[in-house]
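Asks: If you're matching them up, the sequences are chains A and B in order. So the first sequence is residues 1 to 425, counted in my numbering. So the second sequence is residues 1 to 289, counted in my numbering.
Calculated cross-link-like contacts (lysine-lysine; reagent style DSS-like; alpha-carbon spacing at most 25 Å):
no., chain 1, residue 1, chain 2, residue 2
1, A, K178, B, K158
2, A, K361, A, K418
3, A, K418, A, K402
4, B, K158, A, K268
Don't read these hints as lab results, they were simulated from the structure.
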Amino acid sequence: MNLLALYCTHQTTPLAIRERLAFASREQLAKAYAELRRRCPESEAVILSTCNRVELYLAQPGDDTEYTRQQLAQFLSEFHAVPLDEFVGELRADSGSEAVRHLFEVISSLDSMVLGEPQIVNQVKEAYRAAEEHGACGPLVHSLFQGAIHVSGRVRTETKLSEGRVSIASVAVGDFAKSIFDHFEDKLVLIIGAGEMAEETLRYLKDEGVREIVVINRNPERAERLAREWNGRAEPWTDLDHWLGQADVIVSTTGADRPIIDAARFRKARAAAVGRTAFILDLGAPRDFEPAVGNLDDVFLYDIDSLRRTCDEHRHARSREIETARKIIAEEQSEFMAEFHRRASGDVVSRLMQDWHGVSKSELDRLFAKQPHLTAQDREAIERTVERIVNKLLHPPLETLKHESRDGAPHGLIDALKRLFRLDG
Amino acid sequence: MPNVNLSCFLLSYLVAFGLDVARLRSKLAWSRWVAILFGGAGLLAHTLYLLLRSSQSQLPPLLSSAHDWLLVLAWLAVLTHLFVSLLDATIASGLVVWPIVLALVGASYLVTSSQSQVLDFHRGWKMLHAAMLVLGTATILLGLVLSLLYLWQHRRLKGGQMRNSGLTLPSLERLERFNRWSILVSVPFLTFGVATGVLLSFLNDDDARLAWADPVVLGGSVMWLLMCGLFAWLLTGQRTPGRQVAWLTAWSGGFLLFMMVGLQVLTEVTRMPSLHGTGAKQQVRPMAK
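Let the sequences and hints guide you as you build the complete structure.
Replies: Encoded structure:
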């Protein structure tokens, strides 16, 4: 069995190269599988392409054909029309047991940009499903990827690698906004500016059920675009104070070079909203709200730094779980490889058992023909005894074979068994 | 009947409280369940204790003595807390509930446990009077717990401290809503309890004379007036910041707890004439004849 993993990830390769090597569309992926089948007809293959990684997994059952890292790099170069020397130094390759470990680490999100993030499991499953759809899977890839999915499940349930949110927007909504508000259906969300992080925060707020969104931006076109995208409405910049007084959740990312709202202005804007809680997420750098706004009663103001502290604490807590996850992966990797090697010797084992039981059966048939007075009960007892003798005689060599398979395919032993018992014929 | 005494459940509650406190430092999931287990064991012993006393006096616990009355209140608090904990094991309500429960059980040590012998007349009215007051007080205690949780959560959020992910508190919005409801529900109970008390004193002239000098009655009336004011303010006033409501409820609840326990103990220690203590029995017993 040969297994090769060739990959470039966010840890090894700049985005500029990764995006040129990515398999972005379904059509591109279909063509890639067709090309791989043409170049490596005996191989099973899976292509995993996400924004953080491009990975190729190739497996073939025999030891006769062995594809090299160079051949796969050549495939990537020709397929994407990217000169080889522009990226070959960025590629990493693992084979055999190391390739298995790499996949197990990837699916357990140990190799992800955000440790413990859950999306990678679905991305790997999706890649496996696409390979199956394109007829690129065989028994090796099936057992490899099913094993990987099993490992990711174990890592997630047996460690705290996925506990605690680690992105600023998810912490803001999941840890803070949900500790203030019970439900979001009746809350008005005001977006000031139109930064990328505001959009990410909106996604989380929408998931919580937010219905009413107002976008205010100095640039009305940008406000319109964002409002349209999130099913909200754009309001003119001049109405900012009015909406500050109406909103329950305020997300601000204006990019202004100094705070635009001080405590006095905010208090005045909220004069008619006494007793109503305001959750302000100031994602601007420099900040859009003066820190003194957070001292007002029923105002909860969080800036990037305060949220980042929580993210870092969660990240730190997750990193303490890495060792436990690696132990699980090492255990599963060794189990997987042993099983793989057992399969390599499985053919010899089954032929050996078949031959010995065949011999015993023909000898018993001869005995029963000579001894017709034996009752059915006697025959059954004799058959069972002989079967036990054969199994006991076969047990030591088969156990040795199993034991030797733990560290790799025991080619020498398999050859010896084939020659000793003439299993080639 | 098993041999159950006050220490059995007091110790169980202490262990449960200790485990909840320990969770502030270590986030061991099992400790929460062990705390619930100890709380449950304590509640079972508590229930058996009340049943035992009730069967001995042939009276419901609410009427037999101030000791039993306080224990019924503590029992209601524990029952509510365990119910909430089973619904959501991560909510750290025990840190607020257990000290109140321990204070109530501790106070029951100090007040009379001699069972009343004066309940042969107007028993139904007296039962109603005691039940309404215990329910009103329990709801105010619930408000006290909710407001303390609110202030704790408010402080955490203002400081941006959401680190103890093992310990969660309900959202401010939910705590505020339940807190307002607890006040709105407690006042009708208390009003009905006070009204039945007045009615009972009119039904017996000697009681009426004693009632106006009874510190427990006087303190309770002040408490009732205070809660009525809070009730009216919540219903008629402008929308109030949640923190302000929480502070007011916390003060009222704390004051109630102090008055109720403090006055009971005071009448017990000073042997002041009271319809609700040992002194009462000395005063009232001849009337029952």
